[in-house]
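J.: Using the sequences and the hints given, assemble the complete structure.
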Amino acid sequence: MRSVQALAVAVLSLLAISDVSYANGEPKSGGSLRIYHRDSPGSASIHEGATYSLNVPFMPIFNNLVIFDQHIAQNSVSTIRPELAESWAWSADNKTLTFKLHKDVKWHDGKPFTAADVKCTFDMLMGKSQQKFRQNPRKSWYDQVEEVTTNGDYEASFKLKRPQPALLSLLASGYTPIYPCHVSPAEMRTKPVGTGPFKFVEFKANESIKLVKNPDYFKKGLPYLDGIEFTIITNRSTAILGFVSGKFDMTFPTEVSIPLLKDVKSQAPNAVCVVEPNNVSTNIIINSTSPPFDNIDVRRALALALDRKAFIQIMFEGQGDIGGTMEPAPQGLWAMPKEMLESIPGYGPNIEQNREEARKLMQKAGYGPDKHLQLKVSTRNIAVYRDPAIILIDQLKSIYIDAELDVVDTAQWFPKVARKDYSLGLNLTGNAVDDPDQSFYENYACGSERNYTNYCNKDIEKLFDKQSEETDVEKRKKLVWEIDKKLQEDVARPIIFHARTGTCWQPYVKNITVMSNSSYNGYRYEDVWLDK
Amino acid sequence: MFAYIVRRLFLMLVTLFGISVIIFVLLRVVPGNIVDILFAAAGYVDPADKANLERELGLNQPIVMQYLSWIGGLLHGDLGYSYVSEKPALQEILPRIPITARLAGLALLFSASIGIPLGVISAVHQGTKLDYALRVVSLSGLSLPSFWLGLLILMASVSMFGTMPIFNPNPKTWFEAFTIYAVPAAAVGFRSAALTMRITRSSMLEILRQDYIRTARAKGASEASVNYHHALKNAVLPVITVIGIEAAFLIGGLIVTETVFNIPGIARFLVEALRWRDYPIVQNLVMFIAVVVVVMNFIVDMLYAAIDPRIRFGD
Numbered sequence: 008m009r010s011v012q013a014l015a016v017a018v019l020s021l022l023a024i025s026d027v028s029y030a031n032g033e034p035k036s037g038g039s040l041r042i043y044h045r046d047s048p049g050s051a052s053i054h055e056g057a058t059y060s061l062n063v064p065f066m067p068i069f070n071n072l073v074i075f076d077q078h079i080a081q082n083s084v085s086t087i088r089p090e091l092a093e094s095w096a097w098s099a100d101n102k103t104l105t106f107k108l109h110k111d112v113k114w115h116d117g118k119p120f121t122a123a124d125v126k127c128t129f130d131m132l133m134g135k136s137q138q139k140f141r142q143n144p145r146k147s148w149y150d151q152v153e154e155v156t157t158n159g160d161y162e163a164s165f166k167l168k169r170p171q172p173a174l175l176s177l178l179a180s181g182y183t184p185i186y187p188c189h190v191s192p193a194e195m196r197t198k199p200v201g202t203g204p205f206k207f208v209e210f211k212a213n214e215s216i217k218l219v220k221n222p223d224y225f226k227k228g229l230p231y232l233d234g235i236e237f238t239i240i241t242n243r244s245t246a247i248l249g250f251v252s253g254k255f256d257m258t259f260p261t262e263v264s265i266p267l268l269k270d271v272k273s274q275a276p277n278a279v280c281v282v283e284p285n286n287v288s289t290n291i292i293i294n295s296t297s298p299p300f301d302n303i304d305v306r307r308a309l310a311l312a313l314d315r316k317a318f319i320q321i322m323f324e325g326q327g328d329i330g331g332t333m334e335p336a337p338q339g340l341w342a343m344p345k346e347m348l349e350s351i352p353g354y355g356p357n358i359e360q361n362r363e364e365a366r367k368l369m370q371k372a373g374y375g376p377d378k379h380l381q382l383k384v385s386t387r388n389i390a391v392y393r394d395p396a397i398i399l400i401d402q403l404k405s406i407y408i409d410a411e412l413d414v415v416d417t418a419q420w421f422p423k424v425a426r427k428d429y430s431l432g433l434n435l436t437g438n439a440v441d442d443p444d445q446s447f448y449e450n451y452a453c454g455s456e457r458n459y460t461n462y463c464n465k466d467i468e469k470l471f472d473k474q475s476e477e478t479d480v481e482k483r484k485k486l487v488w489e490i491d492k493k494l495q496e497d498v499a500r501p502i503i504f505h506a507r508t509g510t511c512w513q514p515y516v517k518n519i520t521v522m523s524n525s526s527y528n529g530y531r532y533e534d535v536w537l538d539k
Numbered sequence: 334m335f336a337y338i339v340r341r342l343f344l345m346l347v348t349l350f351g352i353s354v355i356i357f358v359l360l361r362v363v364p365g366n367i368v369d370i371l372f373a374a375a376g377y378v379d380p381a382d383k384a385n386l387e388r389e390l391g392l393n394q395p396i397v398m399q400y401l402s403w404i405g406g407l408l409h410g411d412l413g414y415s416y417v418s419e420k421p422a423l424q425e426i427l428p429r430i431p432i433t434a435r436l437a438g439l440a441l442l443f444s445a446s447i448g449i450p451l452g453v454i455s456a457v458h459q460g461t462k463l464d465y466a467l468r469v470v471s472l473s474g475l476s477l478p479s480f481w482l483g484l485l486i487l488m489a490s491v492s493m494f495g496t497m498p499i500f501n502p503n504p505k506t507w508f509e510a511f512t513i514y515a516v517p518a519a520a521v522g523f524r525s526a527a528l529t530m531r532i533t534r535s536s537m538l539e540i541l542r543q544d545y546i547r548t549a550r551a552k553g554a555s556e557a558s559v560n561y562h563h564a565l566k567n568a569v570l571p572v573i574t575v576i577g578i579e580a581a582f583l584i585g586g587l588i589v590t591e592t593v594f595n596i597p598g599i600a601r602f603l604v605e606a607l608r609w610r611d612y613p614i615v616q617n618l619v620m621f622i623a624v625v626v627v628v629m630n631f632i633v634d635m636l637y638a639a640i641d642p643r644i645r646f647g648d
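From first to last, the protein sequence lines stand for chains P and W.
Numbers 8 to 539, taken from our numbering, label the letters of the first sequence in order.
Numbers 334 to 648, taken from our numbering, label the letters of the second sequence in order.
A hint or two may mislead.
As the list claims (entries may be wrong) - Some chain W residues near chain P, calculated using beta-carbon distances under 10 angstroms:
#1 Ala-374
#2 Asp-379
#3 Ala-384
#4 Glu-389
#5 Gly-391
#6 Pro-395
#7 Ser-418
#8 Ser-492
#9 Asp-544
#10 Tyr-545
#11 Ala-549
#12 Arg-601
Claimed, not checked - Using 20 angstroms as the maximum straight-line C-alpha spacing, the simulated SDA-like pairs for lysine to any residue come out as follows:
#13 Lys-139(P) with Phe-494(W)
#14 Lys-254(P) with Asp-223(P)
#15 Lys-427(P) with Pro-380(W)
#16 Lys-420(W) with Val-190(P)
#17 Lys-211(P) with Lys-383(W)
#18 Lys-272(P) with Phe-494(W)
#19 Lys-404(P) with Gln-381(P)
#20 Lys-211(P) with Pro-380(W)
#21 Lys-110(P) with Val-200(P)
#22 Lys-102(P) with Glu-154(P)
#23 Lys-404(P) with His-379(P)
#24 Lys-420(W) with Pro-395(W)
#25 Lys-383(W) with Ala-425(P)
#26 Lys-383(W) with Glu-154(P)
Stated by the list, open to error - Derived list of chain P stretches under chain W, where covered just means 3 residues or more per stretch with a C-beta under 8 angstroms from a C-beta of chain W:
#27 119 to 133
#28 173 to 185
#29 205 to 219
#30 413 to 419
Just so you know, these hints were derived from the structure itself, not from any lab.
Glycine residues also receive a C-beta, built at the ideal position from the N, C-alpha and C atoms.
T.: If you want it as structure tokens, here you go:
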């Protein structure tokens with residue numbers, strides 16, 4: 008039954024692609040898409056990085072087994088389309104996910120793509136192969152995968168330790184391309200080989216990244232573009248001026264801040280600009296292993312002191328969202344209902360009342376008007392970290408906390424956090440997939456490498472597993488809400504706000520869709536075309 | 334003269350050795366290395382993966398061994414591999430040198446060709462409205478930061494011409510090829526020209542009061558001959574020093590201009606490499622800049638000796 012559903016999805020997806028292309032007029036082939044890139048990525052290997060600075064330029068080189076529909080802004084299970092897989096099917100016990108693969112796919116170096124490449128990729132991601140990635144930041148995504156097996160050259164199966172319906176979403180992320188077996192991880196960092204619509208030409212650090220059309224792409228007639236050129240411009244003013252003057256067809260995705268967006272629209276009124284949430288939360292990490300935050304009252308007072316609307320007003324002119332761990336609705340799929348969110352201490356609309364309560368808790372902990380708590384708020388020396396940290400310091404004054412900003416060089420940030428050499432830290436958390444499995448296990452599970460605060464609650468961990476196994480979406484949602492509420496009440500990692508950012512392109516660029524619940528998944532660009 | 338050159342060469346080598354040690358030690362004193370940065374970028378720290386990577390890059394070796402390995406390689410023309418791009422450091426550095434050299438050369442040309450004549454004119458017309466006007470221009474040149482001027486130029490270009498002169502590796506016309514270097518060179522050269530002009534002016538004023546200038550005039554030499562032949566020739570020594578220092582500074586000091594105009598030269602590359610703690614790139618680039626500075630000083634010393642023989646005999 009599920010196979011039939013998957014096949015139907017495949018057919019629908021093809022129809023959807025055709026619809027989008029023709030909705031914008033008859034697509035024209037040719038031309039190069041010129042985009043500025045915000046910085047120089049550390050390598051070209053998507054699997055070894057954890058920034059969308061890698062996904063944007065290198066995602067067009069690859070294919071996944073499945074992919075989120077590139078023209079539906081909200082990623083969800085229902086928008087997953089087949090890519091290297093022709094179809095997929097779950098076994099009756101939901102513990103085996105089998106993919107039938109396309110037979111006519113070639114790597115950019117001419118070698119045929121087979122199921123062995125799928126096995127190689129995931130064996131490497133799970134740390135089971137001889138060849139190792141230099142870094143493997145998403146290894147935990149596959150914790151429930153027991154093994155990947157092949158049946159001939161064109162069938163691959165994921166055997167799971169227990170049912171995990173979210174696996175399909177993880178496989179559909181821009182973070183999950185299939186790598187070739189015959190190319191080493193070291194080569195993939197410098198000269199990536201894929202099966203995707205564009206081939207890698209060159210990557211000049213701090214200068215440019217060039218891709219060229221793959222004429223043998225297995226999706227006949229695609230891509231429309233002859234190539235994509237990324238010019239690396241680290242100075243934001245120069246980059247925006249470059250876009251306004253027409254030197255670039257598109258800004259770096261989700262990189263135009265709300266105040267800058269006004270400048271762009273005033274100087275290039277014809278530009279198409281969209282503002283979307285990007286599933287990145289700004290949050291506070293708390294060192295609860297030592298005083299004063301080993302005291303739950305002080306942690307709760309901190310959560311009660313936050314005026315989230317003020318953050319959003321100051322930083323984004325009101326264009327941001329308040330929520331828990333999961334991205335707020337309507338773009339976020341798993342957000343708590345408003346009334347549930349507002350029942351969490353600190354989320355209520357009456358800020359003064361919240362702070363009055365916070366002051367009482369602080370006094371209970373031994374602080375007050377005559378005895379202020381002195382501490383440092385540590386954060387990375389980057390504007391998107393620094394600016395909210397300054398606002399936080401200002402807000403903490405209302406509950407007898409005199410905080411000082413401690414800006415930390417990027418190289419020192421994670422070692423410092425790992426050493427627990429901080430009291431409060433201001434942090435950003437990006438979610439590649441709008442799914443609780445990715446968010447909860449990565450950021451809150453006991454022992455997870457990205458659980459910076461070492462928050463560990465065995466009862467909640469059981470709920471993590473329960474929701475992860477749940478195949479009924481509505482039942483799963485209720486569990487997720489319960490978990491998210493509990494995480495906020497535990498002050499595990501207080502979420503301040505979820506940001507929104509802008510992307511602009513020239514009016515002749517067609518078929519660009521900016522994803523609204525992830526900034527990692529929408530850059531295949533196979534059917535983008537230029538109406539010139 | 335031979336002994337003078339040998340002495341200067343020996344001093345050069347000692348200086349370069351000292352610089353190499355300082356660069357190497359300072360880089361290791363700065364907290365964090367490439368492995369910390371890579372894991373920071375990936376948002377997690379895995380102690381085992383970290384140790385593996387440090388071993389792979391040789392960062393677990395004692396600092397003396399690392400230094401000897403670098404210097405040994407350097408003497409054999411092996412600059413090592415960039416930690417970030419994993420390409421040979423030489424392959425990364427070499428293509429960027431001509432870009433910065435062209436920009437610095439044009440900026441120096443702008444500086445000398447504007448600064449020296451205006452300095453002479455200002456000195457010759459001391460106390461006149463022209464002198465005051467030129468001094469205001471030079472003061473503004475010294476006061477305006479080049480990044481601000483650069484951004485202003487870019488904004489004005491976009492606003493007036495609908496385009497802007499940022500770097501393009503494959504310019505379509507000779508005019509574009511010229512503007513992508515000439516405009517940033519002018520932005521940098523403006524400050525440098527102002528400095529050159531002020532030094533030329535003060536040096537000229539001092540020389541113009543000398544007895545031999547009065548003698549030249551008494552003998553009936555023309556104003557042009559007095560100013561440019563007798564006075565400027567002797568006033569130019571401090572100007573050469575300033576231009577030499579500027580030349581050395583421009584090789585490594587164009588970071589802001591290269592960033593604003595998006596020029597992929599060595600200054601911007603150096604800062605990016607430093608951000609990633611890409612030791613092979615930083616060490617070799619700083620060493621290259623040090624060599625340029627030392628060689629420029631050597632050339633200035635030689636020019637001094639050639640122009641003023643008292644220097645080589647008295648040294």
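J.: State for each hint whether it applies.
T.: Here is what the structure says about each hint:
Given hint, Ala-374(W) at the interface with chain P, holds; its Cβ is 6 angstroms from that chain's nearest Cβ, closer than 10 angstroms. Here the hint on Asp-379(W) is kept, as its CB sits about 6 angstroms from the closest CB of chain P, short of 10 angstroms. This hint is violated: Ala-384(W) has a C-beta 12 angstroms from the nearest C-beta of chain P, more than the 10 angstroms allowed. Interface restraint check: Glu-389(W) against chain P, minimum CB-CB distance 8 angstroms, threshold 10 angstroms, status holds.
This hint is violated: Gly-391(W) has a C-beta 14 angstroms from the nearest C-beta of chain P, more than the 10 angstroms allowed. A cut of 10 angstroms between beta carbons decides the hint on Pro-395(W): the least distance to chain P is about 21 angstroms, and the hint is violated. Restraint check, Ser-418(W) versus chain P: the minimum CB separation of about 5 angstroms is within 10 angstroms; hint holds. With 10 angstroms as the threshold, the beta carbon of Ser-492(W) comes within range of chain P, its nearest partner Cβ sitting at about 8 angstroms, so the hint holds.
For Asp-544(W), the interface hint is violated, the least distance from its beta-carbon to any beta-carbon of chain P being 54 angstroms, above 10 angstroms. A least Cβ separation of about 52 angstroms between Tyr-545(W) and chain P goes past the 10 angstroms threshold, and the interface hint is therefore violated. For the restraint placing Ala-549(W) at the interface with chain P, the shortest Cβ-Cβ distance is roughly 52 angstroms, beyond the 10 angstroms limit, so the hint is violated. At a threshold of 10 angstroms, the smallest CB-CB gap from Arg-601(W) to chain P is about 6 angstroms, leaving the interface hint in force.
For the hint linking Lys-139(P) to Phe-494(W), the alpha-carbon distance of about 52 angstroms lies beyond 20 angstroms, and the restraint is violated. Of the pairs offered as hints, the one joining Lys-254(P) and Asp-223(P) is violated, with about 30 angstroms between alpha carbons and a cut-off of 20 angstroms exceeded. A threshold of 20 angstroms between alpha carbons decides the hint, and for Lys-427(P) with Pro-380(W) the separation of about 15 angstroms falls inside it, so the pair holds. This hinted pair checks out: Lys-420(W) and Val-190(P) have alpha carbons roughly 17 angstroms apart, not beyond 20 angstroms.
Distance check on the hinted pair: Lys-211(P) and Lys-383(W) sit about 26 angstroms apart at the alpha-carbon level, beyond 20 angstroms; violated. At most 20 angstroms may separate the alpha-carbon atoms for a hinted pair to count; Lys-272(P) and Phe-494(W) meet this at roughly 18 angstroms. A C-alpha spacing of about 10 angstroms is found between Lys-404(P) and Gln-381(P), which places the hinted pair at or below 20 angstroms, so the restraint holds. Restraint check for Lys-211(P) and Pro-380(W): not satisfied, since their Cα atoms lie roughly 30 angstroms apart, outside the 20 angstroms limit.
With a CA separation close to 18 angstroms, the supplied pair Lys-110(P) and Val-200(P) stays within the 20 angstroms bound. Our distance criterion of 20 angstroms between C-alpha atoms is met by Lys-102(P) and Glu-154(P), whose separation comes to about 11 angstroms. Simply put, Lys-404(P) and His-379(P) have alpha-carbon atoms about 9 angstroms apart, close enough for the 20 angstroms limit, and the pair holds. For the proposed pair Lys-420(W) and Pro-395(W), the alpha carbon gap of about 24 angstroms is over 20 angstroms, so the pair is violated.
Distance check on the hinted pair: Lys-383(W) and Ala-425(P) sit about 13 angstroms apart at the alpha-carbon level, within 20 angstroms; holds. Proposed proximity of Lys-383(W) and Glu-154(P) is contradicted: the alpha carbons are some 26 angstroms apart, above 20 angstroms. Proximity of the region 119 to 133 of chain P to chain W, defined as three or more residues with a beta carbon under 8 angstroms from a beta carbon of that chain, is not established by the 0 residues found. For a cut-off of 8 angstroms, the count of residues in the region 173 to 185 of chain P with a CB near a CB of chain W stands at 0, and the three-residue condition is violated.
Evaluation of the coverage hint for the region 205 to 219 of chain P: fulfilled, as 6 residues show C-beta separations to chain W shorter than 8 angstroms, against a requirement of three. As drawn, the region 413 to 419 of chain P meets chain W at 4 residues by the rule of a beta-carbon pair under 8 angstroms; at three or more, the given contact holds.
Of the numbered hints stated above, those contradicted by the structure are hints 3, 5, 6, 9, 10, 11, 13, 14, 17, 20, 24, 26, 27, 28, listed in ascending order.
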